[in-house]
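**Student:** First to last, the sequence lines map onto chains V and G.
Numbering-wise, this note's numbering puts 180 at position 180 of the first sequence, and it's gapless, one number per residue.
Numbering-wise, this note's numbering puts 26 at position 26 of the second sequence, and it's gapless, one number per residue.
Calculated directly from the structure, the hints in this document are not laboratory data.
You may find that some hints are simply not true.
[Claimed, not checked] In silico negatives: residues of chain V with every beta carbon more than 10 Å from chain G:
1) ILE61
2) LEU138
3) ALA143
4) ALA147
5) LEU333
[To be verified] In silico contact screen, one side only, chain V against chain G (beta carbon under 7 Å); selected entries:
6) GLN77
7) GLN78
8) LEU79
9) ALA115
10) ILE118
11) ALA119
12) ASP136
13) LEU137
14) ILE140
15) GLN146
16) ASP150
17) ASN156
[Stated by the list, open to error] Stretch by stretch, here's where chain V covers chain G in the computed footprint (C-beta under 8 Å, at least three residues):
18) 81-87
19) 125-132
Cβ coordinates follow ideal geometry from the N, Cα and C atoms, glycine included.
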Amino acid sequence: MKLSAIPTLEIGLAPDQFHAVFPFHFAVDSDLRIVQVGASLARYCPEATPGALFKDVFQLIRPDVALDHAVLMENQQQLFLLLHPASSLRFRGQLLPVDSGRVLVFLVSPWLGEANAIARFGLNINDFPIHDPGLDLLHIVQAQHQALADSKELANRLTGQRAELRAANERLRDQDAEQRKLALIAALTTNAVVLTDARGRIEWVNDGFTRLTGYSLAEVRAQTPGSLLQAPETNAATVELMRRSVREGVGFSVEILNQSRLGRKYWITIEAKPIRNDAGEITHFMAIQSDITARKEDEDRIRNAMSELERVNRVMMNREHRVLELKHEVNELCREMGRTPLYPSAASDRVPVTPPPTPPHGE
Amino acid sequence: MYGMVNRGIEQMVVLHHGVEVWERIKREAGVDVEMFISNEAYADEMTFQLVAAASSVLGAPQDALLRAFGEHWVLRTAEEGYGGLMSAGGSSLPEFLLNLPNFHTRVVMVFPNLQPPRFACTDVGPNSLHLHYRTHRAGLTHFVVGLIQGLGKRFGTEATATVLESKAEGADHDLFLVEWKSPVA
Ligand code: HEM
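Could you build all of it, start to finish, from the sequences and the hints given here?
**Tutor:** Rendered as structure tokens:
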């Protein structure tokens with residue numbers, strides 16, 4: 001190192017001061033035999049005693065040169081790194097030749113490249129002089145460790161959250177697909193579809209509903225289907241069954257007479273089912289109404305035809321009965337007049353005592 | 001205040017009361033931080049809001065909470081987060097306390113954006129010393145008491161910290177009388 005041009009104080013260190021600021025130093029003579037050892041170094045490298053050879057105590061890692069006095073002198077500008085194999089402690093520092101190189105002083109201290117070096121090597125912090133940046137370095141190394149651990153943990157959390165997000169996304173997409181399918185079916189079906197909330201108020205109807213009832217979604221939203229569509233003639237027991245089912249949260253299946261917005265009466269079947277959320281609570285009712293008026297009319301026609309047939313039948317029976325009675329009376333008259341009966345007698349035995357029964361509901 | 005402090009509160013609450021309670025405390029404190037980064041500086045208010053919210057959710061007085069938290073911080077949070085550094089702090093309670101000023105000076109060197117407290121030891125005797133605690137923050141006196149109790153446990157020594165002078169009551173800074181029993185050899 002060059003002396004500066006500016007005059008400086010003649011600052012030197014007394015031996016005890018030197019020991020205090022370089023407690024890990026050691027010095028060798030031109031044979032590389034140890035001649036002086038700092039107190040801290042002596043604690044961790046007990047073989048480093050005056051008289052011992054450098055090479056028996058330390059290994060020169062850098063500079064990677066021969067252990068020779070002249071070579072060391074040539075390398076005095078290098079950063080020195082030594083290994084103490086017995087403890088695997090490494091020392092770093094500077095070579096300072098004194099007394100014209102007759103003595104080489106190694107101003108070194110432990111290299112603490114890892115945060116737990118203190119514990120690992122059983123070092124005592126009081127062995128370090130305050131100016132030594134070794135302990136400061138521990139803080140930097142530790143801070144790096146923490147930063148790395150933090151980013152790992154953050155990465156873990158993010159990975160976890162991303163997996164959750166992806167799963168949620170897939171659930172949504174499935175639900176979406178399911179809902180689109182349902183919507184398509186609901187739109188295309190000729191049946192009327194009604195979606196109500198858990199209390200039976202309309203949230204949505206399809207086009208089939210509008211075709212059947214004449215009401216648009218805007219007109220019926222938030223109303224109950226029954227209040228809109230039931231006619232005075234609608235069967236009260238059926239209405240009660242539907243109300244009770246909604247109250248109890250169960251599905252139902254009924255045939256019922258309704259009337260449209262313009263007063264047209266029509267028959268429908270209603271298939272209604274509760275819809276539950278993941279927690280099992282009912283959120284909606286869905287009802288499908290199919291128009292069965294034509295079937296009902298056919299049924300009516302058949303029923304009418306049947307009763308007409310029965311009436312004719314009864315008339316015929318009555319008529320036959322009357323004929324038999326008349327024949328009987330004629331035969332009786334014949335007998336009274338002493339003549340042979342006009343009709344075969346077997347017929348008279350078959351005269352029914354009572355006329356055939358009439359249906360309870362009459363004609 | 002750096003993230004290690006808030007993270008310590010989180011660890012302590014989660015350990016004793018579970019994640020749900022911690023989430024509730026964060027919500028009540030209005031703190032929306034997923035994870036506290038160890039050496040990142042967070043607003044001091046955040047720490048105080050977390051302590052206040054923890055106090056109301058857990059129904060415990062703030063001073064007691066701060067003391068418990070101080071102990072937890074030394075024994076668990078710093079032990080995990082600083083590991084090697086804690087053992088570099090000294091091998092006995094007095095040694096550690098005497099090293100505390102340098103410790104926080106190194107914090108200033110490594111993290112110029114943090115504002116650690118300044119500690120000083122005087123009147124050092126065989127079983128006691130005076131610990132001077134200077135900080136621009138207010139309200140952490142009981143936290144320091146907990147930290148010292150925790151250090152005592154760490155070194156197997158029963159330690160107490162008595163407040164001799166308090167900044168809250170007009171003194172220049174907090175002054176603690178730290179006393180310890182000689183460790184069982
Ligand atoms: C490995 C050991 C330790 C390290 C690395 C460390 C570092 C720090 C850091 C970085 C801060 C935050 C400063 C800020 O956010 O502005 C801090 C604050 C604090 N430290 Fe330490 N510390 C350590 C141990 C201790 C111990 C053992 C005590 C015990 C008395 C202590 C007392 C405090 C207190 C009371 C604060 C609160 C800030 C304030 O009062 O202003 N620390 N420390």
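**Student:** Each of the hints needs a verdict: does it hold here or not?
**Tutor:** Now for the hints, and whether the structure bears them out:
Listed as outside the interface, V/ILE61 is consistent with that label: its C-beta sits roughly 23 Å from the nearest C-beta of chain G, beyond the 10 Å cut-off. Not every CB of chain G is more than 10 Å from the CB of V/LEU138 (nearest about 5 Å), against its label as outside the interface. Not every CB of chain G lies more than 10 Å from the CB of V/ALA143, the least distance being 6 Å, so the non-interface label is violated. A Cβ of chain G approaches the Cβ of V/ALA147 within 10 Å, the least distance being about 7 Å, so the stated non-interface status is violated.
Distance to chain G confirms V/LEU333 as a non-interface residue, since its nearest Cβ pair spans about 109 Å, more than 10 Å. Below 7 Å, beta-carbon pairs count as interface contacts, and V/GLN77 has none with chain G, the closest being about 28 Å; its hint is therefore violated. Interface hint status for V/GLN78: violated, as the beta-carbon distance to the closest one in chain G is roughly 27 Å, over 7 Å. Hint status for V/LEU79: violated, given a least beta-carbon distance of 22 Å to chain G, over 7 Å.
With 7 Å as the threshold, the beta carbon of V/ALA115 comes within range of chain G, its nearest partner Cβ sitting at about 4 Å, so the hint holds. The closest approach between the C-beta of V/ILE118 and any C-beta of chain G is roughly 4 Å, which is under the 7 Å cut-off, so the hint is satisfied. Given hint, V/ALA119 at the interface with chain G, holds; its Cβ is 4 Å from that chain's nearest Cβ, closer than 7 Å. Below 7 Å, beta-carbon pairs count as interface contacts, and V/ASP136 has one with chain G at about 5 Å; its hint therefore holds.
About 9 Å separates the beta-carbon of V/LEU137 from the nearest beta-carbon of chain G, more than 7 Å, and the hint is not met. Satisfaction of the interface hint for V/ILE140 is found here, the shortest Cβ-Cβ separation to chain G being roughly 6 Å, below the 7 Å cut-off. Because the closest C-beta pair between V/GLN146 and chain G is about 4 Å apart, less than 7 Å, the hint holds. Of the supplied interface hints, the one on V/ASP150 holds, with its beta-carbon coming within about 5 Å of a beta-carbon of chain G, less than 7 Å.
At about 10 Å, the closest approach between the beta carbon of V/ASN156 and any beta carbon in chain G exceeds 7 Å, and the interface hint on this residue is violated. For the stretch 81-87 of chain G, the proposed coverage by chain V is satisfied: 6 residues have a C-beta within less than 8 Å of a C-beta in that chain, meeting the threshold of three. Using a Cβ-Cβ cut-off of 8 Å, 0 residues of the stretch 125-132 of chain G lie near chain V, which falls short of the minimum of three, so the contact claim is violated.
When the structure is compared with the earlier hints, violations turn up for hints 2, 3, 4, 6, 7, 8, 13, 17 and 19 and for no others.
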